[in-house]
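Build the complex: two chains, separate frames, hints provided.
Heads up: the sequence lines are chains A and B, in that order. Residue numbering for the first sequence follows this note's numbering, starting at 1 and increasing by one per position. Residue numbering for the second sequence follows this note's numbering, starting at 1001 and increasing by one per position.
FYI, nobody ran anything at the bench for these hints, they're computed from the structure. Treat the hints with care, since some could be wrong.
To be verified - List of simulated lysine-lysine pairs, PhoX-like, C-alpha gap at most 25 Å:
{"hint": "1", "chain 1": "B", "residue 1": "K1125", "chain 2": "A", "residue 2": "K17"}
{"hint": "2", "chain 1": "B", "residue 1": "K1138", "chain 2": "B", "residue 2": "K1125"}
{"hint": "3", "chain 1": "A", "residue 1": "K161", "chain 2": "A", "residue 2": "K82"}
{"hint": "4", "chain 1": "B", "residue 1": "K1244", "chain 2": "B", "residue 2": "K1293"}
{"hint": "5", "chain 1": "B", "residue 1": "K1206", "chain 2": "A", "residue 2": "K82"}
{"hint": "6", "chain 1": "B", "residue 1": "K1138", "chain 2": "A", "residue 2": "K17"}
{"hint": "7", "chain 1": "B", "residue 1": "K1206", "chain 2": "B", "residue 2": "K1293"}
{"hint": "8", "chain 1": "A", "residue 1": "K17", "chain 2": "A", "residue 2": "K161"}
{"hint": "9", "chain 1": "A", "residue 1": "K248", "chain 2": "A", "residue 2": "K82"}
What the hints assert, rightly or not - From the derived model, a few chain A residues whose C-beta atoms are all more than 10 Å from chain B:
{"hint": "10", "residue": "P5"}
{"hint": "11", "residue": "Y9"}
{"hint": "12", "residue": "L28"}
{"hint": "13", "residue": "F48"}
{"hint": "14", "residue": "L54"}
{"hint": "15", "residue": "F89"}
{"hint": "16", "residue": "I90"}
{"hint": "17", "residue": "P93"}
{"hint": "18", "residue": "P94"}
{"hint": "19", "residue": "L117"}
{"hint": "20", "residue": "M131"}
{"hint": "21", "residue": "F171"}
{"hint": "22", "residue": "M174"}
{"hint": "23", "residue": "H187"}
{"hint": "24", "residue": "A192"}
{"hint": "25", "residue": "F214"}
The structure presented is a predicted model; accordingly, all values stated were derived computationally and were not measured. Just so you know, even glycine gets a beta-carbon here, dropped at the ideal spot from N, CA and C.
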Amino acid sequence: MSGFPTLLYKEVLRFWKVSFQTVAAPVLTTLLYLLVFAHALAEHVQAFPGVPYLHFLIPGLAMMAMLQNAFANSSSSIIQSKITGNMVFILLPPLSAFEIFAAYLLAAMVRGLTVGLGVFAATLWMVPIPMTHPLWALAFAFVGCGMLGTLGIIAGIWSEKFDQLAAFQNFLVMPLTFLAGVFYSVHSLPGAWQQVSRLNPFFYAIDGFRYGFFGQSDVAPGASLAFAASAFAALSCLALALLRRGYKLRH
Amino acid sequence: MAAVAVRDVHKRFGAVRALAGVSLEVHEGEFFALLGPNGAGKTTLISALGGLVRADGGSLAVMGHDVTRDFRAARRAVGIVPQEIVFDPFFTVRETLEIQSGYFGLRRNGAWIDQLLERLGLGPKAHANMRSLSGGMKRRVMVAQALVHRPPVIVLDEPTAGVDVELRQALWAFVRSLNAAGHTIVLTTHYLEEAEQLCSRIAMMKEGRVVALDTTARLLAAFSERVLRVKLERGELPAALAAKATHEPSGAWRIPVDDMAQVERALAAMREAGTAVASLEVGEPELEEVFVKIMRQHAA
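Chain B on its own, in the form it takes in the complex (with noise of 0.2 Å):
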């Protein structure tokens, strides 16, 4: 069964087509990214997921529950961690959690909350009002808020967005063992190499619509390559290295390599020719070299 199952689901705010047409499937205990730029879609689409937003076309269903037709189900089965930051400013960080575990109909959930709050660094906080606590703590206890039902699905939009390291690598490493605890993981971001590190399959959106759709690491392979950059001290870059080589703003070339050996090659030929390098570094591939691919070749 699949974890989150999305099928050919539309949605239009008046003349802007939000999703034209999506359909996806996160397996189970995966750890999935949806990229995108501005506007593709992927908050909608996780609206729609949670039921925030009525897709106009399509099913979308959470651990095979229809999100409308069998809505109690589904949102229980998702936890949903919101862009925005948003509070209620009447409520303490532990009245928070209480009342979101309620609305969940769980009524003695102290333990789990506990856990919740000492996992999020949240515990000297619990007793403070929401108000008066950082837009960073703030993000934890709705990040606490999502995961008060103990949800099998857990979405993530833009989760790290303006937040300072510590917390986001708290927030990784708590993450990631949920994920190895088997819940599945859904994470929207625009920082690239959080993507490529943590999940193990991408989807892209563009414009309402999925344009990729893979493994991370096929992705890279398809898209992206492993590259040799050299900037020289003196003489010349030798004629076959040249013919494959761009020369970068830095002043730097690069030089698409396919494996170590082929590094090793670059590197005689240019000893043999006489050139001197200044500086060297092998690049591995990038999943941000594979994003703007993937966006150019669906320039409208």
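So here's chain A without its partners, still in its complex pose (with noise of 0.2 Å):
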């Protein structure tokens, strides 16, 4: 038998045994955004044509903490684990490259939507928004979380200290979700800087997934998805490889 759902099971106890500070938190910190951002720019943005701005707010921030505890759940567990020297209790037993890339992967996902989940069930009841095309959410939500997880795997990998994540993590995540169009559509943009916004994958997640609640979006969902889950297939080829390889873990 594999080991394989063993490690998936301990990468989600693990989130799950600390969950005030893996879920509740990030659900917060989200309900928090809601309530400064919709109620300062309720006024002024008007995204997308008959929607109030509060609930096209709503998908964008479920699906940027989605995307960033997806990342957060991976690369955490693996860079604890190396450097606290824990990672040869996953390495000694007969586990594959690729058993190893899906545990930390779904366990991520897992994470990705525990908290979206949260987000939605302490919003929905005080603002009910549609969900047109529930299908194309629950798509993107999947694509999402998936592409965030292994990047968070890479990240895990690559990173020898603390420090090298937080940069991973403040430089690259954090500001490719904050100009993915969580608080804007991308149509308000200067012509030069909507281009720009094309090339940032978080940004097809996040707009696709919004098509999924107001059947309205910057970009066709198809097109978003096809985009989102090249990226996605891209990035587990990345972290696949470093695992065979065994980069920064047998050395």
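Written as structure tokens, this is what we have:
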């Protein structure tokens, strides 16, 4: 029997044991963003015609929280194990590179999706927003969490110190999520910035996710899904290659 | 079939040559010691055996399974207790062992885990968080983790470093019983008397090479000797004895002897010469002496 289910279980248990910090805290942070930005910007921003700004904001913020937490889960677990040395307990058993990859990835997705559900559970009773195409929303939630869970695996493997991981998070993940149209529609940006935004895979995850709610988006959902899924696939290939080589894990 | 087969293994870390062509075999059921000063390459070799380190050249196999080509079978066949104390602070002792079992694909392993907990004196701590354990207790959990899949080959990398007497004795009793039950044991330690008492064969490493490999008995016979140590109260050591004796810093004379008959003859000679003995002791061959001599022989 494979060790994969146990590694997945252990990774889920790991964040669930500290769920106050890993689930409740990001849900609260998202609600605070919602409260402040919706209040401050509601009068000034009209993102999609016929969609109140507060409604527009909820899926974007939920997706941002999902992306960040999927990334945080795999990256922090791997770097903690590397630095404290308990990674040996995963490297010594007969687990293949693919099994290790799949377990960290799925656990990251579980965390991301749990946080997303938490955000909706906390907001929907206050602000009931429509969900026009739930399957699209679900597809983007999976691909978005998968993409960032994989990026987290890469960051965790590459980083040798918490400092390096923090740099990865603050100088790559944060800017890419903030500039992915969480708070605005990219159509409101000047032309050049619109083009730059279209290079950001996080943008497609958020834009497509929003389509699932309002049936409106900046880019056609099929194209967004194709782009986000390609980014996810490319990152997965890289993460798997690193794990197969034992990069910074098996010396 | 060899339990462990290492053939011409090389490993470099940047400019450092950690393993420079190591070959050795450990037979099934053996209690084998891997000795050497710090930096000799013992831990690198063990890590290569467990897949934690990738050899640059050569091959390693556990119970006939190559550690890279047939990594799953090789890793199922070996349980390694790492040298550094490491643990996952998120889990209790029992959870740690259940999770480790699961990594090996063993789901219903509760009975063996209970046995391990009991044999290693971890029963009362089964539901304690790993963080709350003392260093010695954490070490016991690491031993249990390495044994959770009942590997035929068990590798202990300095398991008694910084460990109290009680645990050391309990650990050796347990490991001896595993060896008696057919498990092959590979041990590294800096406590040479442990290796001498426990191990039937010894490899000594220095600077990434095996510099001695033989049975403990033959190494002791070849490199060490039985000695008679005498402190004199008055008189001189008879000339015949003084010729082969050396003076130790403690003030005692150290006279090599082959057997007890020679001891008797030496004492008789001293009595005849009117030499009074203040104290005497017969020292058996010691692995420490073997170790020092071999390391000196291979001094660069």
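For each hint, the structure was consulted:
A hinted pair counts as satisfied when its Cα atoms are at most 25 Å apart, and K1125(B) with K17(A) qualifies at roughly 19 Å. For a cut-off of 25 Å, the pair hint linking K1138(B) to K1125(B) stands: about 10 Å separates their Cα positions. Restraint check for K161(A) and K82(A): the C-alpha separation of about 9 Å stays at or below 25 Å, so the hint holds. Our distance criterion of 25 Å between C-alpha atoms is met by K1244(B) and K1293(B), whose separation comes to about 18 Å.
Restraint check: the Cα-Cα separation between K1206(B) and K82(A) comes to about 29 Å, which exceeds 25 Å; the hinted pair is violated. Among the hinted pairs, K1138(B) with K17(A) is consistent with the structure: their alpha-carbon atoms are about 21 Å apart, no more than 25 Å. The straight-line distance between the Cα atoms of K1206(B) and K1293(B) is roughly 13 Å, inside the 25 Å bound, and the hint therefore holds. Of the pairs offered as hints, the one joining K17(A) and K161(A) holds, with about 24 Å between alpha carbons and a cut-off of 25 Å not exceeded.
The suggested pairing of K248(A) with K82(A) holds, with an alpha-carbon distance near 9 Å, which does not exceed 25 Å. The claim that P5(A) is not at the interface with chain B is violated, since a C-beta of that chain comes within 10 Å of its own (minimum 7 Å). The claim that Y9(A) lies off the interface is violated: its Cβ sits roughly 7 Å from the closest Cβ of chain B, which falls inside the 10 Å cut-off. Every Cβ of chain B is farther than 10 Å from the Cβ of L28(A); the closest lies at roughly 22 Å, confirming the non-interface assignment.
A cut-off of 10 Å between C-beta atoms confirms that F48(A) is not in contact with chain B; the least separation is 43 Å. The beta carbon of L54(A) is kept farther than 10 Å from every beta carbon of chain B, the shortest such distance being approximately 38 Å. A cut-off of 10 Å between C-beta atoms contradicts the statement that F89(A) is not in contact with chain B; the least separation is 6 Å. For I90(A), the condition that its CB be more than 10 Å from all CB atoms of chain B is violated, with the nearest at approximately 7 Å.
Consistency note on P93(A): stated as away from chain B, yet its beta-carbon is not over 10 Å from all of that chain's, at 4 Å minimum. With a minimum CB-CB distance of about 4 Å to chain B, P94(A) fails to clear the 10 Å threshold, and the non-interface call is violated. The beta carbon of L117(A) is kept farther than 10 Å from every beta carbon of chain B, the shortest such distance being approximately 23 Å. With a closest Cβ-Cβ approach of about 35 Å to chain B, M131(A) is found to remain outside the 10 Å limit, as its non-interface label requires.
No Cβ of chain B comes within 10 Å of the Cβ of F171(A); the nearest lies about 28 Å off, and the non-interface call holds. Against chain B, the non-interface label of M174(A) holds: every CB pair exceeds 10 Å, the least being about 26 Å. Remark: the non-interface label on H187(A) is consistent with the geometry, its nearest Cβ contact in chain B lying 45 Å away (cut-off 10 Å). The beta carbon of A192(A) is kept farther than 10 Å from every beta carbon of chain B, the shortest such distance being approximately 45 Å.
With a cut of 10 Å on Cβ distances, F214(A) stays outside the contact zone with chain B, its closest approach being about 40 Å.
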